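Undergrad: The lines below spell out each chain.
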Amino acid sequence: MQKEASIRQPLILGHKTYHDITNDIVSPIEGAAPRQWKIAITIAAIIALYGVGCIAYLVGTGIGAWGLNKTVGWAWDITNFVWWVGIGHAGTLISAVLLLFRQRWRMAINRSAEAMTIFAVMMAAVFPVFHMGRVWMAYWTLPLPNQFGSLWPNFNSALMWDVFAISTYFSVSLVFWYIGLIPDFATIRDRMVKPGMKKFYSILSFGWSGRAKNWTRFEEVSLVLAGIATPLVFSVHSIVSMDFATSVVPGWHTTIFPPYFVSGAIFSGFAMVLTLLLIMRKTMRLEAYIHVKHVEYMNIVIIVTGSIVGVAYLTELFISWYSGVEYEAYAFINRFSGPYSWSYWMMMTCNVISPQLFWFKKIRTNLAATFVLSIVVNIGMWFERFVIIVTSIHRDYTPGAWGEFHPSGIDVGMFIGTIGIFFTLFLLFARYFPVLALNELKTILKMSGESYKKEAEKH
Amino acid sequence: MANKVFHVMYDDDQKLMTAAQALVSKGIRVKDVFSPFPVHGLDPVIGVKRTRLAIASFMYATTGTLLAIIGTWYFMIHDWPMNIGGKPSFSWVENAPAFVPVIFEFSVFCGAHGMVITYLLRNGLLPGMPASNPDPRTTDDKFVMEIVTDQNSSMSASELEALIKTTEVYELSIKEY
Chain A
1 MQKEASIRQP LILGHKTYHD ITNDIVSPIE GAAPRQWKIA ITIAAIIALY
51 GVGCIAYLVG TGIGAWGLNK TVGWAWDITN FVWWVGIGHA GTLISAVLLL
101 FRQRWRMAIN RSAEAMTIFA VMMAAVFPVF HMGRVWMAYW TLPLPNQFGS
151 LWPNFNSALM WDVFAISTYF SVSLVFWYIG LIPDFATIRD RMVKPGMKKF
201 YSILSFGWSG RAKNWTRFEE VSLVLAGIAT PLVFSVHSIV SMDFATSVVP
251 GWHTTIFPPY FVSGAIFSGF AMVLTLLLIM RKTMRLEAYI HVKHVEYMNI
301 VIIVTGSIVG VAYLTELFIS WYSGVEYEAY AFINRFSGPY SWSYWMMMTC
351 NVISPQLFWF KKIRTNLAAT FVLSIVVNIG MWFERFVIIV TSIHRDYTPG
401 AWGEFHPSGI DVGMFIGTIG IFFTLFLLFA RYFPVLALNE LKTILKMSGE
451 SYKKEAEKH
Chain B
1 MANKVFHVMY DDDQKLMTAA QALVSKGIRV KDVFSPFPVH GLDPVIGVKR
51 TRLAIASFMY ATTGTLLAII GTWYFMIHDW PMNIGGKPSF SWVENAPAFV
101 PVIFEFSVFC GAHGMVITYL LRNGLLPGMP ASNPDPRTTD DKFVMEIVTD
151 QNSSMSASEL EALIKTTEVY ELSIKEY
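Just so you know, the sequences run in chain order A and B.
For the first sequence, the working numbering begins at 1 and goes up steadily by one.
For the second sequence, the working numbering begins at 1 and goes up steadily by one.
Hints were generated in silico from the structure; no laboratory data involved.
Predicted model, so just to flag it, every value in this text is computed and none were measured.
You may find that some hints are simply not true.
Unchecked claim - Stretches of chain A that chain B covers, calculated by requiring three or more beta carbons in the stretch to come under 8 Å of a beta carbon on chain B: (1) 14 to 23; (2) 170 to 180; (3) 208 to 214; (4) 232 to 243; (5) 326 to 334.
To be verified - Non-contacting residues of chain B with respect to chain A, defined by C-beta distances greater than 12 Å in every case (computed): (6) Gly-27; (7) Ser-35; (8) Thr-149; (9) Glu-161; (10) Ile-164; (11) Thr-167.
Unchecked claim - Taking beta-carbon pairs under 7 Å as the criterion, some of the chain A residues facing chain B (in silico): (12) Pro-143; (13) Trp-152; (14) Phe-155; (15) Ile-228; (16) Glu-455; (17) Glu-457.
Where a beta carbon is used, it is the ideal one built from N, C-alpha and C, also for glycine.
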């Protein structure tokens, strides 16, 4: 058995046995749904339904129902798309990159972070798909034989790359998540008494039996999937950034975009993980598994990625002046002093200044402060995408074509609606799925469990 | 003589490891182990070989790369070359940089899904498949070692049982099959 240094803080607090871990994670699924859960899911479902209504209206009317105009052809829709994809970056980063780096603290958070990833990517897909207008023709993005028209999709286009990137990312994240869930579903199956529930989890568990050979394969599959999902994490948001970077719009045509978008994505993803986990650990009594040390680790990731984002903002600003291209320079002068300067300064405050507060140990180990800052970061990251998209195109080369963007009710309704759908899905996950990778946690109990570590110190 | 199957239950992974080492050193063949989580270091003791899934994954990914190369060549160069922004599609090599993202994504797609499908099929994991663990507690906190008499023909069933009982057994169930 591996030993862990005694100065390292334990990852599982209190005196837990293997059976306790199973109990702590599975008993909320067995019991009746708590009242707060019912209230929360009702609110989320109402918002979700409103969003679905807005989408139906949009499809029936056409995308003119959004506030887009001739000058600003991309606004909230693509802002929301990039925002959701960015949020969807933390899950696979946590489960893949942290697995390769052998970061054991990931085991307490990877399951819910991956669930969040999957739901966030689903929400992201809503926007470009409905932006197509005639959504029933979305399958034209697939390279199908050309009875459908005489052309193939254009593989030189960054938008086409995006179709491949997002669908690969979504489907690989989904199977990665499910492979990890199978043994945990088996644990639930073997505990369930009610026949209906037993049947349900027995189907979900695919007949997992936990043989030695199954586990060997399981570990190999997890490792290889982590290995190939890691470049995937970095490629997806790089490709999203190329939707902008390969254009000739001043403010978009920037080589810094891929790394800048990837770190922004990880930044906002971790913020969303914190927002969700801080509520979840409290309401589902998971304090022994997700404690201050985990939150601190995540806050450190936020400082690092937040600082990279800050440096990227300043680099962009400097390069726009240093390039000597007046259009490029104006795009940035307009950002911080034009009609949308309020959103630029909002972005700067939320994304560059606020995460720097985490340098203070008092703040990064304070759960309330972390919760507030995680929401601030998410607001800031939404504004970052809004600033990049709208302020770059609302004033382009010809002043005669300048314009402004005003969101319509459908714009707002769809955005709020996707938040509702996201929370509905996440609440269903928290109720019926094992929220922690419980069988993986058992493998670190003897290394990183508090009582086991104390025991080891005595010897 | 009817064949017997011993399901030896342990309540700790360390006890299981010690027992497996002790039994194997006495020449007993362990058929299988059911555990709630991967017990590291157990595989070489009971003779489970390393899986070749990673190699399979590499081959699936290579297939994906090839398909994507053939696809981009056929769609963009051969079948219907387009002149986009004054950049005509003359040859695949000249256009290759623009195809890198799609080729990469498709390789990952094939590598990941091919491997996962192989993994599920090799393990017999499909929706609705029956579970074969001998005791429901093996997915919670108990570890079961499966030993069968016809793999250990050098000793009698009672000798085998006596040897098994020298380890820290939590529960022992013997069935005939």
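Undergrad: Which numbered conditions among the earlier hints are violated in the structure presented, ordered from lowest to highest?
TA: 5, 7, 16 and 17
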